[in-house]
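Protein chains: 2
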Amino acid sequence: VTVLRVAIAQLPNVVGDIHGNAERISETMDWAEDERADVLVLPELVLTGYPLSDLALHQEFVADAGDVLLQLAERAGDTVTVLSTVDRVPPRQTWDSRPRDVTIAAALLSGGEVRGMYHKVLLPTHGGYDEGRVFAAGREPDAIWRLGDVIAGVSICEDLWTSDGPPEAQSVAGARVILAPNASPWWRGKAGSRARNLAQLARRNGVPIVYANLVGGQDELVFDGGSLIADRHGELVYRAPDFTTHRAVVDLELPPPRPLRRDAKTVHTRPVQREEVERTAAVAEPSDEIASVWQALVMGTRDFATRNGYNEAIIALSGGIDAVVTAAVAAEALGAENVLGIAMPGAETPHEELGDAEQVASNLGITFAAMDVTDVVETLTRTVDGRSGVTPTGDARVALEARGRSAVLLTIADEEERLALATGNKTELSVGSGTLHGDIVGGFAPLRDCPKTLLYELARYRNRQGQVIPDHIFDKPTTAQQLGDGWPPPYEVLDRIVERYVEHGAGLEDLIADGFEPNLALEVVRRIDDAELLRRLVPPGVKVTARAFTHDRRLPISNAWRPHRHPDAVPSPEGPRPWEEVEVPG
Amino acid sequence: VTVLRVAIAQLPNVVGDIHGNAERISETMDWAEDERADVLVLPELVLTGYPLSDLALHQEFVADAGDVLLQLAERAGDTVTVLSTVDRVPPRQTWDSRPRDVTIAAALLSGGEVRGMYHKVLLPTHGGYDEGRVFAAGREPDAIWRLGDVIAGVSICEDLWTSDGPPEAQSVAGARVILAPNASPWWRGKAGSRARNLAQLARRNGVPIVYANLVGGQDELVFDGGSLIADRHGELVYRAPDFTTHRAVVDLELPPPRPLRRDAKTVHTRPVQREEVERTAAVAEPSDEIASVWQALVMGTRDFATRNGYNEAIIALSGGIDAVVTAAVAAEALGAENVLGIAMPGAETPHEELGDAEQVASNLGITFAAMDVTDVVETLTRTVDGRSGVTPTGDARVALEARGRSAVLLTIADEEERLALATGNKTELSVGSGTLHGDIVGGFAPLRDCPKTLLYELARYRNRQGQVIPDHIFDKPTTAQQLGDGWPPPYEVLDRIVERYVEHGAGLEDLIADGFEPNLALEVVRRIDDAELLRRLVPPGVKVTARAFTHDRRLPISNAWRPHRHPDAVPSPEGPRPWEEVEVPG
Chain Y
1 VTVLRVAIAQ LPNVVGDIHG NAERISETMD WAEDERADVL VLPELVLTGY PLSDLALHQE
61 FVADAGDVLL QLAERAGDTV TVLSTVDRVP PRQTWDSRPR DVTIAAALLS GGEVRGMYHK
121 VLLPTHGGYD EGRVFAAGRE PDAIWRLGDV IAGVSICEDL WTSDGPPEAQ SVAGARVILA
181 PNASPWWRGK AGSRARNLAQ LARRNGVPIV YANLVGGQDE LVFDGGSLIA DRHGELVYRA
241 PDFTTHRAVV DLELPPPRPL RRDAKTVHTR PVQREEVERT AAVAEPSDEI ASVWQALVMG
301 TRDFATRNGY NEAIIALSGG IDAVVTAAVA AEALGAENVL GIAMPGAETP HEELGDAEQV
361 ASNLGITFAA MDVTDVVETL TRTVDGRSGV TPTGDARVAL EARGRSAVLL TIADEEERLA
421 LATGNKTELS VGSGTLHGDI VGGFAPLRDC PKTLLYELAR YRNRQGQVIP DHIFDKPTTA
481 QQLGDGWPPP YEVLDRIVER YVEHGAGLED LIADGFEPNL ALEVVRRIDD AELLRRLVPP
541 GVKVTARAFT HDRRLPISNA WRPHRHPDAV PSPEGPRPWE EVEVPG
Chain V
587 VTVLRVAIAQ LPNVVGDIHG NAERISETMD WAEDERADVL VLPELVLTGY PLSDLALHQE
647 FVADAGDVLL QLAERAGDTV TVLSTVDRVP PRQTWDSRPR DVTIAAALLS GGEVRGMYHK
707 VLLPTHGGYD EGRVFAAGRE PDAIWRLGDV IAGVSICEDL WTSDGPPEAQ SVAGARVILA
767 PNASPWWRGK AGSRARNLAQ LARRNGVPIV YANLVGGQDE LVFDGGSLIA DRHGELVYRA
827 PDFTTHRAVV DLELPPPRPL RRDAKTVHTR PVQREEVERT AAVAEPSDEI ASVWQALVMG
887 TRDFATRNGY NEAIIALSGG IDAVVTAAVA AEALGAENVL GIAMPGAETP HEELGDAEQV
947 ASNLGITFAA MDVTDVVETL TRTVDGRSGV TPTGDARVAL EARGRSAVLL TIADEEERLA
1007 LATGNKTELS VGSGTLHGDI VGGFAPLRDC PKTLLYELAR YRNRQGQVIP DHIFDKPTTA
1067 QQLGDGWPPP YEVLDRIVER YVEHGAGLED LIADGFEPNL ALEVVRRIDD AELLRRLVPP
1127 GVKVTARAFT HDRRLPISNA WRPHRHPDAV PSPEGPRPWE EVEVPG
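Those protein sequence lines, which keep their order, are chains Y and V. So for the first sequence, this note's numbering puts the first residue at 1; every next one is plus one. So for the second sequence, this note's numbering puts the first residue at 587; every next one is plus one.
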């Protein structure tokens, strides 16, 4: 049998940091060479970072990446390094009238040279993926490469996610192994489907697959690593731990040679000598689901802050669950000593709220300050009254207070060069209960894709690592609940409707068929549809669900479509109904 | 000769308003029938509105459009109506792993039925266009249709913008005329390239082309109409006026029959009887460039407001050029009586500023109110001082004042249900001189894609219709200029660098080769690269240039790429240089 020694490394994803990335790559190449690996597989766009969006249209950027690739190639020895970067090609016109001339590529480096270049064929252009906007597609899905007597295929990320894509073409053409650079962002439930897909792919084609993934937070996305190697029977022989850099050496038994159905491009002609498996690596258990969410929030927040030049953060620290979870995430992401929580009580803030905020700050070890905003709110009110003669009440009053607080928060953030973290959650954004430019303000909103019910789970998870959030905070009514006008319904119900409508694309009919109370379903769907403008003006945050607002789910702001007709759903003329009795169906 | 009687109508673009759009279409179909037109050509996605983004993924929406199409078909008589809408197809996998099952289509209605369905082949997925994200591509670029003895091709928008696309395939297959529904958004200079492209297309293929365009504002986009008919020699025989609905009947002489190179699909078999041109229409002059910009701003602002439920607007009315141009646009868009300008002088605001604001409000006929924010700013300062012990100065002071003002503005907007219009411009957004959540706040920012120098041109244009902006406002130093720290350079220079870097994709090398002072070019480019987060949090506004921030130009926020190395560009250690002497090259 032929045994291929594979080195695999999941490295950080730092968009634009070509030279920093190159240093990490260079050090990894030396390591693989020392380990006498036959191949080294690195993640997708490891040299440039991912995703690039229009940075890939910047000619100087692409030229810079090209120069650095040549420098890295000079360091390549016997180990074949599969190094993904951008690569310029002659202009190609495909699905529209615009020619494109930059591809997502994997260079094969060996003996001081670039010996091969694979171009990614399938370019994800759905949900939050925009690759088709800027990149040219590869045209050789069945390209195969000669590494001595081993024929290998190279497929990149999306190339793997269909049952008749490049890995199939390469296997049929003669490949005995698929080397796969990836930039596969994390979201809840993704790790499982990734492993299943890979196992099926290996089994279906009878070839082992080496799957290297990026790690790190990049704007809305977190890359969780969790790199995988499946043998030709689809059994996992390696899984990297998630949410951390990692590398390993694995000796991989290859299937017997296959007839070549097309010419293989020669990377080198030295035969692979190894016939026995000497090196194996651990199959790490993936983190459980809530732990994954937590780590993603921490990594996403840390990387956003540091990559935008912030070492310190500031949070409006009420004693509510959203604020305390945000503070706990920030403390872990940036170090408690770098986080400032400010409580901003007003005239009507209960004394206990301030106490809760101070307690949580103390438990977390973050800096705490209380700044009374009574005067700010009062002066704002007085100034506004000068026009209308009417003192704002209800929602308008809540909005006014939120704006006064945000002015204080952002001013301190400016003065102390802190990243202001907004505390809004997905439930709030869904039904538009936030104030425009009011309470979801700042540079980053870590929890913006976390439904309210998930926040409680996260809080309990955090307390299991050491109690920091007092029990009674879990039972506090939220600001919306305090207003007591029959809204919101229980969060278990609300979040389930939001999930069905936003993530699963269910319609009103579907929701009613699910068993949700028709008028409630109508009301929730209406509110979701009406809040698009608000959602556009909220800071970015970590993608946690399969369909994050704005990032993955893009709707017109001006959108007259509000059919929401159903014989059972007749909005009551008296306004919202008491939803307290409503239960989650089945 | 054969003469085809063509009815063409540019109709409003109301996204999601299937039933309202259907009423307009139905009335237009009756008109075309009365005019004894052989065909009626309507714009792209006239039934659903454009662009749809993820609304096209909503199954209930697509089903609704399908139902309404059948109702409209029932009304179709002898006139063949080319009606563009979405159409479901069996799932197709193309450029990524995701099957898509909705197309952009043009239905051919006649005799009470849908007699044909063309599917758009080229799906623009570049800049601000996202069609490839959601739509399946048509696979029959050479489809041709029998309208009695006339063979016609149908091509949709992007299909027309390449020299070997569907119109070419259809002409070769035997088409004697191309019927073309379009949703072609306006930007500066677009109308000219559109007419040139169409003329070339007609001449190259020897067929007349009937080009119907949408009209109206949809979020960032304005559709200007300006529908066109070119004869087979490429001569324009009709141009609709721009920025207004319009319809016309034109008798169009067709080229002689061509050999059929594929089967034509039969829409009907009644021969076209007409042999002489009886009806012609005017070739309207397109608006000049500044008038176009003005009309686009007015239309974009009006449609955004009304389609989001606002009849009234509010503007922070300083006496500066940005605010007065915004107010003038709003007054024309919504009616002067529906616009409220509030001046918010602080302790240091010169008395003349207030006078200028009041004067402009009076000239425009809008409502005016002055609300002193001295107390608000003072209380905010005092509250913040409580933490730092340091009173904010310079930029921090400007930011604090901006936040106090925005809190007042937005609270009044809430109370009076007015759309808050932000006054920021493209130059400011480019170099990040705005305050985050501070001075570019609201629901819509009409001027966000207008460079500062363009604002002065717009102000002069407005004054030519009747002087509303006093002359001395043109000469006032801007807030940034008042700070007097050597920044900004003259706006003529700054805007030219921004244009080259942002719109033309020039690099630092290119700018220096253009003749810009190297350190200045470096400084401007640095500021542009550093302001991505700010730009993400600014309200939408009208796209005016070829490359509007965020809408067309999408960059990572976290982006370490700052090469900006050039031997001649060495930032001076003493900070910004005095740019006052710098001139615009050549």
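It should be emphasised that the hints constitute simulated quantities derived from the structure, not laboratory data. Glycine residues also receive a C-beta, built at the ideal position from the N, C-alpha and C atoms. Hints may contain errors.
Stated by the list, open to error - Stretch-level coverage of chain V by chain Y, calculated; a stretch enters the list once three of its residues show a Cβ under 8 Å from a Cβ in chain Y: (1) 619-627; (2) 642-652; (3) 781-787; (4) 905-913; (5) 986-993; (6) 1087-1094; (7) 1140-1148.
As the list claims (entries may be wrong) - Calculated cross-link-like contacts (lysine to aspartate or glutamate; reagent style DMTMM-like; alpha-carbon spacing at most 25 Å): (8) Lys776/V to Asp54/Y; (9) Lys190/Y to Asp640/V; (10) Lys265/Y to Glu278/Y; (11) Lys265/Y to Glu358/Y; (12) Lys265/Y to Asp149/Y; (13) Lys190/Y to Asp485/Y.
Hint check results:
Counting residues of the stretch 619-627 of chain V whose CB lies closer than 8 Å to any CB of chain Y gives 0, which falls below the minimum of 3, so the coverage claim is violated. Note: the stretch 642-652 of chain V has 6 residues with beta-carbon separation from chain Y under 8 Å; the three-residue rule is met and the coverage holds. Beta-carbon proximity to chain Y at under 8 Å applies to 0 residues in the stretch 781-787 of chain V; the threshold of 3 is not reached and the given coverage is violated. Coverage of the stretch 905-913 of chain V by chain Y is violated in this model, with 0 residues showing a Cβ closer than 8 Å to a Cβ of that chain against a need of three.
With 5 residues bearing a CB less than 8 Å from a CB of chain Y, the stretch 986-993 of chain V meets the requirement of three and the coverage assertion stands. Coverage of a stretch by a chain is defined here by at least three residues with a beta carbon nearer than 8 Å to that chain's beta carbons; for the stretch 1087-1094 of chain V and chain Y the count is 3, and the condition holds. By the rule of at least three residues with a Cβ nearer than 8 Å to a Cβ of chain Y, the coverage given for the stretch 1140-1148 of chain V holds, with 9 such residues. With a C-alpha separation of about 22 Å, the suggested pairing of Lys776/V with Asp54/Y holds against the 25 Å cut-off.
Between Lys190/Y and Asp640/V the alpha-carbon distance is near 22 Å, which keeps this suggested pair within the 25 Å criterion. Under the criterion of a C-alpha separation no larger than 25 Å, the hint pairing Lys265/Y with Glu278/Y is inconsistent with the structure, at around 29 Å. Proximity of Lys265/Y to Glu358/Y is assessed by CA-CA distance (about 65 Å); at most 25 Å being required, the pair is judged violated. The straight-line distance between the Cα atoms of Lys265/Y and Asp149/Y is roughly 12 Å, inside the 25 Å bound, and the hint therefore holds.
Restraint check: the Cα-Cα separation between Lys190/Y and Asp485/Y comes to about 38 Å, which exceeds 25 Å; the hinted pair is violated.
Hints 1, 3, 4, 10, 11 and 13 from the list above are not met by this structure, while the remaining hints are.
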